[in-house]
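Residues per chain, in single letters:
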Amino acid sequence: MSGSIAISGPFTHADNSVSRTMQMVMLALLPATAFDLWLFGWPAIFLFGLTILFCLAVEAGCLMLAKRPVLPALKDGSAILSGWLIAMSLPPWAPWWIALLGAVFAIALAKQVFGGLGQNLFNPAMVARVALLISFPLQMTQFAAPHPIFTAHAPDILTGLKITLGCEGNLDSLSAASALGHIKTELTRGIPVTHTVQSLPGLKEMILGIKPGSMGETSAIFILLGGLFLMWRRIISWHTPVSMLLTLFLLGTLFSAINPARYASGMIELLSGASMLGAFFIATDYVTSPVSKTGQIIFGFGVGFLTWIIRSFAGYPEGVAFAVLLMNATTPIIDHYSRPRVFGRTRQGQPVAFGDKK
Amino acid sequence: MKLFSVRGGIHPSYRKQATTAKKIEPLPVVPFYFLPLRQHSGASAEAVVNIGDHVGKGQLLAAPVGRISAPVHAPTSGIVRAIQNMTAPHPSGLPGMTIVLESDGKDSWAELPEAYSDPFSVDPKLIRERVAWAGVVGLGGAAFPAAVKLEQSSQKPIKMVVLNGAECEPYLTGDDRVMQEYADEVISGGRLIAYAVGAPKVVIGIERNKPEAIAIMKKAAEAYDNVEIADLPAQYPVGSARHLVQALTGLEISARTRIADVGVLVQNVGTARAVWRSAHYGEPLISRIVTVSGGGMNDPKTLDAPIGTPVKALIEYCGGMNEKAEQIVTGGPLMGVGLPNIDVPVIKGTAGILALTSEEMDHRPAEPCLRCGRCVDVCPCGLSPVEMSSLIRRDKLDEAEQLQVMDCFSCGSCSYVCPSHLPLVQYFNYAKGEIWNRRDEERKQNKIKALAAAKEARLAEVLRQRQLAAERAKAAKAAANKEEKAV
Ligand code: SF4
Ligand code: SF4
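So the sequence lines, in the order shown, correspond to chains A and B. As numbered in the numbering used here, residues 1 to 358 make up the first sequence, in order. As numbered in the numbering used here, residues 1 to 487 make up the second sequence, in order.
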């Protein structure tokens, strides 16, 4: 493009920017993160910090290799946010090298290879999560039971460090299965869902998040709060989350009504795994989801639908990450078919017959 | 009045407080006036005075040429000092033919045409002619000759005259003040326009962020059954004519047609007042209301400024600029353009002169597009700025054209909301310019081709005629030979 464009308007701008947007999302993640860092104690805190550091380092490394300016890109906050989201989807007591590999998968492979911020087709955090889950199924499903920091059985700072560094051998006694994982294993053993749910945490614990799970996913209520905050600040709109959660809830409710022994209820679908985090913070990722509102509703529906399919029929207990990645691949097509109708034109681009009532 | 929803739009910070409560002040006479011959959309006017002529206030200086054009009148009495190319008040800084008038300080009127004491009793045709004579143009900023619009509309069944008092651009308060101070003239002007085109009613749309103007106008409109005030939502760009008509009538104007085709005629409230004054007082359009504002201006005001006054004089009258002033803009901050310097004059389309600070403009280096979709949400035309801009950046203008980039009217909403501060409007202006050039080029090529084809056809015809003639001659010869042989 030629450089002949004179400086033109507009000469005013909304009070926003890329880094501001990222900061808002992080602010919204704060309550849920703080809660889970408290819940899972020192190992979680170390892992969280490490993941973000690794992401920044990998981003800087990639930019240097590509001979592009490093500082502005680091300052926009996108690498920190990716690191944050990866951390939130890791088992809280996972070892340090999981964090490192996650950072490489997310930042180097899913983001920088595509050309950096705004260019990637797939959500970096979910690429990392899926790649790790497939490569290291054991470490990625070894969830810690809640051990709130400063309580009697919580690992102290030194033990925490050892756990993150991977030299605390015996974690089995401390670990527990996530709700979805538990339901799935029991199902494969022939035990009906109706029976399994009785051993799950109560509804209150599920909503508050006092249960085993990934580092940032357990607390439905805090994530919901963060999501509402983002809607209030108009960083995200309701379209994707509502469409995704509603689809998930309705499918769960419908099928558990038909066959309660086989399918988890709509409530369990909503409150466990990455449903909440996925709906408000992952599926709403700007870069990898459709730009129009219609597109976002379709996208949300797709993520909800695929999540339920994967959870109910596939080998993995949790399906949000897979569903998001699959839908990411359809984003360009959805974008193409969900463009708004141009003012005064039909969808085919022909002028409307004049004076048409809308 | 029932309103209809309009797609997209933004809610910018309006920043009108600086001038909204201040009365309009007339700008005193200055020594020199600069009157470009092209202040309107359409063809440039042609000077009808000579250097050295003494002219009275309101005297015709330049007459319209062609179908779409408007005359220019003297803003004060004085002597024509030059007719020359001078920098136009446009960011390109390109020159345009300009009449330089030195004021004689007397400000005495030339002889004016008859003032119609009751314009509603004269033939509508005379009103339309009067508006044409007065050089009234759309004062909202587009500067389309008002008389041309009246003439076109008078040939169509017009159901409604809409006066545009939305004034949805930030800072600008000229229309607001005109409605507060000259409500009667505005309403009379609206009724007169309706009379001139045979329309049964007048609707005046005002954004809700002007409660005083709405109250005053409602009161003034009470006397008339067929004048209605509609309070519009404060949603930029509801003042864009197509969107205003949609908000008021629910009709969506096709990309193919003009607004008049749906039986609506839209004029700005200031234009209506000018129409009224041209008929009732026989006054040509020689001054306009200009908002002088912005964080860089010491004492923002709304002025009644004679056309041709250098921008500098307005700024000085408003206490000059402070050191924070970064950019001078003519028009509003969203659709306005930068000025090359402050020696250029106020013209008929100058709704505002803004001295903006860097905090107000918040220009930042562009970052990569996040695909946040905000631009798609806000585009009042239903375009997809995110996709168009990425195509234009890769110089895929054909594809951008298919996404209807030509329908973009540069309202700036998309740029305003873009968190990555991408200069989206600049991309679209660039693409539109290129595509126009291309279409022009194509038209030229086609013309040349058609000419060439015609010439070829002509040559072929000549050749054929010649052949025919030769054959005929041969046949005749053969026949003659035969006859000879037969003999
Ligand atoms: S508003 Fe800016 S960042 Fe967002 S999609 Fe549009 S162009 Fe991209
Ligand atoms: S400038 Fe053009 S593309 Fe942008 S919002 Fe306005 S009409 Fe739409």
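Hints are supplied without guarantee of correctness; some may be wrong.
To be verified - If you want a taste of the chain A side facing chain B, the calculated C-beta under 8 Å gives, among others:
| no. | residue |
| --- | --- |
| 1 | 8 |
| 2 | 11 |
| 3 | 13 |
| 4 | 16 |
| 5 | 21 |
| 6 | 74 |
| 7 | 77 |
| 8 | 117 |
| 9 | 187 |
| 10 | 201 |
| 11 | 202 |
| 12 | 205 |
| 13 | 342 |
| 14 | 343 |
| 15 | 345 |
To be clear, the hints were calculated from the coordinates, so they are not data collected in a lab. The structure displayed is predicted, hence computed values, not measured ones. Every residue gets a Cβ at the ideal spot worked out from N, C-alpha and C, and that includes glycine.
Going through the hints against the structure:
Interface hint status for residue 8 (chain A): upheld, as the beta-carbon distance to the closest one in chain B is roughly 5 Å, under 8 Å. Restraint check, residue 11 (chain A) versus chain B: the minimum CB separation of about 4 Å is within 8 Å; hint holds. A distance limit of 8 Å between C-beta atoms decides the matter here; for residue 13 (chain A) the minimum to chain B is near 4 Å, and the interface restraint holds. Against a cut-off of 8 Å between C-beta atoms, the interface hint on residue 16 (chain A) holds, since the closest Cβ of chain B lies about 5 Å away.
With a least beta-carbon distance of about 5 Å to chain B, the hint placing residue 21 (chain A) at the interface is held under the 8 Å criterion. Because the beta carbon of residue 74 (chain A) sits about 13 Å from the nearest beta carbon in chain B, more than 8 Å, this interface hint is broken. For residue 77 (chain A), the suggested interface contact is broken, since its CB lies about 11 Å from the closest CB of chain B, more than 8 Å. Among the interface hints, the one on residue 117 (chain A) holds; its C-beta lies about 5 Å from the nearest C-beta in chain B, closer than the 8 Å criterion.
Taking 8 Å as the C-beta cut-off, the interface hint given for residue 187 (chain A) is violated, the closest approach to chain B being about 39 Å. With 8 Å as the threshold, the beta carbon of residue 201 (chain A) stays out of range of chain B, its nearest partner Cβ sitting at about 37 Å, so the hint is violated. Taking 8 Å as the C-beta cut-off, the interface hint given for residue 202 (chain A) is violated, the closest approach to chain B being about 39 Å. Taking 8 Å as the C-beta contact cut-off toward chain B, the hint placing residue 205 (chain A) at the interface is violated, the least distance being around 36 Å.
Of the supplied interface hints, the one on residue 342 (chain A) holds, with its beta-carbon coming within about 5 Å of a beta-carbon of chain B, less than 8 Å. Checking residue 343 (chain A) against chain B by beta carbon gives a least distance of about 4 Å; that is within 8 Å, so the hint holds. Given hint, residue 345 (chain A) at the interface with chain B, holds; its Cβ is 5 Å from that chain's nearest Cβ, closer than 8 Å.
Of the numbered hints listed earlier, those contradicted by the structure are 6, 7, 9, 10, 11, 12.
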